[in-house]
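Engineer: Chain by chain, the residues:
Protein chains: 2
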Amino acid sequence: MEFKHVFICVNQRPPGHPQGSCAEKGSREVYQAFMEKLQMDPELFMTTAVTPTGCLGPCMMGPTIVVYPEGVWYGNVKVEDVEEIINEHLKGGKPVDRLVISKGKPPGML
Amino acid sequence: MEFKHVFICVNQRPPGHPQGSCAEKGSREVYQAFMEKLQMDPELFMTTAVTPTGCLGPCMMGPTIVVYPEGVWYGNVKVEDVEEIINEHLKGGKPVDRLVISKGKPPGML
Numbered sequence: 204m205e206f207k208h209v210f211i212c213v214n215q216r217p218p219g220h221p222q223g224s225c226a227e228k229g230s231r232e233v234y235q236a237f238m239e240k241l242q243m244d245p246e247l248f249m250t251t252a253v254t255p256t257g258c259l260g261p262c263m264m265g266p267t268i269v270v271y272p273e274g275v276w277y278g279n280v281k282v283e284d285v286e287e288i289i290n291e292h293l294k295g296g297k298p299v300d301r302l303v304i305s306k307g308k309p310p311g312m313l
Numbered sequence: 204m205e206f207k208h209v210f211i212c213v214n215q216r217p218p219g220h221p222q223g224s225c226a227e228k229g230s231r232e233v234y235q236a237f238m239e240k241l242q243m244d245p246e247l248f249m250t251t252a253v254t255p256t257g258c259l260g261p262c263m264m265g266p267t268i269v270v271y272p273e274g275v276w277y278g279n280v281k282v283e284d285v286e287e288i289i290n291e292h293l294k295g296g297k298p299v300d301r302l303v304i305s306k307g308k309p310p311g312m313l
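Chains as they are written, first to last, in our numbering: chain A, 204 to 313; chain B, 204 to 313.
Bound conformation, chain A alone:
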């Protein structure tokens, strides 16, 4: 496995904020799910970093994740999607198309 770096927005805004936030939509649980898988899987642990971040930009599509070096952007990620992203993308090299919201740059950037 080549090294991959998974960035997960855990930004929290106050309840009722018009932009919403990834944390409000469950991104901290998604982050926890990645960390648990990582820590129990030696192959993954040796080849992957998972980092919580502030706002990644596409708040309306959150929880938002971006995987580098390939720059695959995921939206609406739920805890139930974490195993698929790990197996198909991080280990298998094939992004999970149904969750991809952009490639190479953030959604909406020209």
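Read the hints as simulated data drawn from the structure, not as lab findings.
Among these hints, one or two may not hold up.
Pairs involving identical chains hold if they fit within one copy or between any two copies, as the list cannot separate such chains.
As the list claims (entries may be wrong) - Simulated crosslink set (DMTMM-like; lysine to aspartate or glutamate; CA at most 20 Å straight-line):
| # | residue 1 | residue 2 |
| --- | --- | --- |
| 1 | 308 | 244 |
| 2 | 306 | 283 |
| 3 | 308 | 273 |
| 4 | 207 | 284 |
Just so you know, these numbers come straight off a predicted model, no measurement behind them.
Could you slot chain B onto chain A? The hints should help.
Structural biologist: Chain B alone, transformed into the frame defined by chain A:
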């Protein structure tokens, strides 16, 4: 300019914590300096994202920054270094070697 994504650790630990932290060493001011440059420079604004993060790992070498998609890791970054990173690396495509602590994966990862 190709799209680049700059991640800056702004993790804060309590004073006296044995690991120290990037925030304690000035990383939030580094983040602010990047954001100010970004917002006043249309070319940069259209092609670059800057995201604050939790711990990136190499705390002892902080403030830590990683630039994707190329995966260039910088350590000991100071506010005075921000303009050089922007001009040489983000705009010029040439990493600032004197601050590089790893390429392609985090320092210390085999």
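Engineer: Hint by hint, note whether the structure agrees.
Structural biologist: Okay, the hints, checked on the actual structure:
| no. | hint | verdict |
| --- | --- | --- |
| 1 | 308 x 244 | between (29 Å within a copy, 18 Å between copies) |
| 2 | 306 x 283 | neither (22 Å within a copy, 33 Å between copies) |
| 3 | 308 x 273 | both (10 Å within a copy, 13 Å between copies) |
| 4 | 207 x 284 | within (18 Å within a copy, 27 Å between copies) |
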